[in-house]
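Colleague: Protein sequences appear in the order of chains A and B.
The first sequence: position 63 = 63 (our numbering), numbered continuously.
Just add 205 to wherever you are in the second sequence, counting from 1, and you've got our numbering.
One or more of the hints may lead you astray.
Stated by the list, open to error - Away from chain B, derived, C-beta distances all over 12 Å, residues of chain A:
1) L3
2) I5
3) G20
4) I22
5) H34
6) E36
7) V73
8) A80
9) I85
10) V89
11) E116
12) A123
13) A177
14) P187
15) P193
Stated by the list, open to error - No more than 16 Å apart at the CA atoms, straight line, and that leaves these computed lysine to aspartate or glutamate pairs for EDC-like:
16) A:K87 / B:E268
17) A:K202 / B:E243
18) A:K202 / B:D446
19) A:K147 / A:E116
Think of the hints as simulated: they come from the structure by calculation, not from any bench.
Note that CB positions come from ideal geometry on N, CA and C, so glycine has one too.
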Amino acid sequence: MLLAIDTSAGTSVAVVDRDGGILVQLDETDTRRHAEVIGTLIERAMTEAGVVPAQLSGVVAGMGPGPFTGLRVGIAAARAYAFGIGKPVVSLISHDALALDLREPLLVVTDARRREVAWSTYAASDELGLPVRVAGPFLAAPELLQKEVDGYDGYRRWDAATIPAGPFGMLGERLFAAGRRAGPSEPLYLRPPDVTPSAGLKRVS
Amino acid sequence: MKREPLVLGIETSCDETGIGIVRGTTLLANTIASSMDEHARYGGVVPEVAARAHLEALRPTLEAALAEAGVALNELDAIAVTSGPGLAGALMVGVGAAKALALALGIPLYAVNHLVGHVGADLLHAPDEPEHELELPTVALLVSGGHTSLLLVRDLANDVELLGETIDDAAGEAFDKVARLLGLPYPGGPEIDRAAATGDPNAIRFPRGLTAPKDLARHRDDFSFSGLKTAVARWVEAARDRGDDVSVPDVAASFRESVADVLTAKAIAACQRLEVPRLLLGGGVVANARVRAMAQERADAAGITLRIPPLSLCTDNGAMIAALGARLIAEGHEPSTLTFGADSTLPVTTIQA
Ligand SMILES: [Zn+2]
Chain A
1 MLLAIDTSAG
11 TSVAVVDRDG
21 GILVQLDETD
31 TRRHAEVIGT
41 LIERAMTEAG
51 VVPAQLSGVV
61 AGMGPGPFTG
71 LRVGIAAARA
81 YAFGIGKPVV
91 SLISHDALAL
101 DLREPLLVVT
111 DARRREVAWS
121 TYAASDELGL
131 PVRVAGPFLA
141 APELLQKEVD
151 GYDGYRRWDA
161 ATIPAGPFGM
171 LGERLFAAGR
181 RAGPSEPLYL
191 RPPDVTPSAG
201 LKRVS
Chain B
206 MKREPLVLGI
216 ETSCDETGIG
226 IVRGTTLLAN
236 TIASSMDEHA
246 RYGGVVPEVA
256 ARAHLEALRP
266 TLEAALAEAG
276 VALNELDAIA
286 VTSGPGLAGA
296 LMVGVGAAKA
306 LALALGIPLY
316 AVNHLVGHVG
326 ADLLHAPDEP
336 EHELELPTVA
346 LLVSGGHTSL
356 LLVRDLANDV
366 ELLGETIDDA
376 AGEAFDKVAR
386 LLGLPYPGGP
396 EIDRAAATGD
406 PNAIRFPRGL
416 TAPKDLARHR
426 DDFSFSGLKT
436 AVARWVEAAR
446 DRGDDVSVPD
456 VAASFRESVA
466 DVLTAKAIAA
476 CQRLEVPRLL
486 LGGGVVANAR
496 VRAMAQERAD
506 AAGITLRIPP
516 LSLCTDNGAM
526 IAALGARLIA
536 EGHEPSTLTF
546 GADSTLPVTT
556 IQA
């Protein structure tokens, strides 16, 4: 059994089981309350699934892409929870949650703030139903997406407002069962930190 | 003998990832990972850089603290975390981690105020040192790159009042900015201190912010360092325009003198006015030799007992957060509910969120 946490859009928390499927999935769509809701959602998900921490074999963490501040809350929580129970973190690309058991090519598009979107393209899933990412995740201006995505017209486009932790957790279970590698161990910020390098000293007089 | 609670504290309000472990008032571990070097080229703390660094440092710092304390996770009785004030994005890393860790371990969580945590630092003693009481009431002067606050602490767990704070820059920020002006590296505090050692503190009379009678009427316990910073810049520019050699030691010493003078004068005045014969210093600026020395001189002259915790407990750290959590537990406070968030402007009157 796995606890799955994704805060790349809203906050989604699930408890999943390889055989039993998605036991519980809870979502908060507000994209500015990750820190407030993360604890309650984890607590409720575990209670409603009737699972105690010792029964988990790991924690799935959505590594983005997504707005940084919220994204970090989920990753911090996933890492701390896994540390607390002495089990591994399974880090996955958030977009992959939408590309499980695909029968046709898919373009996943999510909000990246600052008038940009994050996108990934997927081919139909492999023989195990696992995602086959073609490109991404990358950032693009929404109006340039059509130009930037190679073979845009061949994809069904999914503008996702949420990343559901349930399928995401199942992806973790199935990757593990298939002996496949997890995703990136660091957050997918896709943008350098927003800093204004000090532009020398201005005179005051 | 009653067993005191074993508390792990998490602090991520600025650029230090601090994990501390205490048993009651006994300090077992105080582990800090700092992203200071990453901010150096920007001349100040960059919030997004700090937040990213917290996320990376969290687990290694947790592991190091547990190892230092010789404590296993399942021995912990509670988690304490800073929920504010501080940089929102940085605070949220600690808040998310603390909630999850408390849930994973099935132990209570205390969300606490960073500034009150600075006062809590004075509760701590090393395992081989005797306990000492935090004598109350006390005035507390907390000065760092992020805050400059004067508090009246009547009861650490229940009654803390904000007397005054900076109305513009924090004192630590002023040190950083003046250091840059003088061509000294970041962080500015230690550099100014070093340069000032051979300078004349009375070479230049820089202004003392908010000490004029009309300012005192409105801002008796408040601070301002923006005007001082500008005054130093003007003085240096004028000297350079004239083609004079600027004596970095004299400017550094005179600037430092102004900061130390205002900080300590206001703190001592508050003690006298409130008839509180105790002053506690906290925050990274306590590392400044002149601030410490002047506070000691003036406290002695006024018959005020000065307390300065060890520097490692004055700069931002998780041990002080754990200490405050342990005190809340000792006084029978209920744990925080899981719904608190990061509050970048959490008032000092909210000791526990
Ligand atoms: Zn501080």
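Colleague: Run every hint past the structure and note whether it holds.
Modeller: Hints, one by one, checked against the model:
For A:L3, the condition that its CB be more than 12 Å from all CB atoms of chain B is violated, with the nearest at approximately 9 Å. With a minimum CB-CB distance of about 8 Å to chain B, A:I5 fails to clear the 12 Å threshold, and the non-interface call is violated. No Cβ of chain B comes within 12 Å of the Cβ of A:G20; the nearest lies about 21 Å off, and the non-interface call holds. Every Cβ of chain B is farther than 12 Å from the Cβ of A:I22; the closest lies at roughly 20 Å, confirming the non-interface assignment.
With a least beta-carbon separation of about 7 Å from chain B, A:H34 fails to lie farther than 12 Å from that chain, contradicting its non-interface assignment. Annotated as non-interface, A:E36 brings its C-beta within 12 Å of a C-beta of chain B; the closest such distance is 4 Å. Its beta-carbon lying about 4 Å from the closest one in chain B, A:V73 breaks the requirement of being farther than 12 Å from that chain. For A:A80, the shortest C-beta to C-beta distance to chain B comes to about 4 Å, within the 12 Å cut-off, and the non-interface label is violated.
Its beta-carbon lying about 5 Å from the closest one in chain B, A:I85 breaks the requirement of being farther than 12 Å from that chain. The Cβ of A:V89 does not lie farther than 12 Å from every Cβ of chain B; its closest approach is about 9 Å, which violates its non-interface assignment. Even its closest Cβ contact with chain B, about 16 Å, leaves A:E116 beyond 12 Å, as expected for a residue assigned away from the interface. Even its closest Cβ contact with chain B, about 32 Å, leaves A:A123 beyond 12 Å, as expected for a residue assigned away from the interface.
The claim that A:A177 lies off the interface holds: its Cβ sits roughly 24 Å from the closest Cβ of chain B, which is beyond the 12 Å cut-off. The non-interface label for A:P187 is inconsistent with chain B: the shortest C-beta to C-beta separation is roughly 7 Å, within 12 Å. Annotated as non-interface, A:P193 brings its C-beta within 12 Å of a C-beta of chain B; the closest such distance is 4 Å. Between the alpha carbons of A:K87 and B:E268 the distance comes to roughly 14 Å, so the proposed pair stays at or under 16 Å and holds.
Using a Cα cut-off of 16 Å, the hinted pair A:K202 and B:E243 is violated, with the two alpha carbons roughly 23 Å apart. Simply put, A:K202 and B:D446 have alpha-carbon atoms about 14 Å apart, close enough for the 16 Å limit, and the pair holds. Between A:K147 and A:E116, the direct Cα distance comes to roughly 14 Å. Compliance with the 16 Å bound is thereby established for this hinted pair.
Hint compliance for this structure: hints 1, 2, 5, 6, 7, 8, 9, 10, 14, 15 and 17 are broken, all remaining hints hold.
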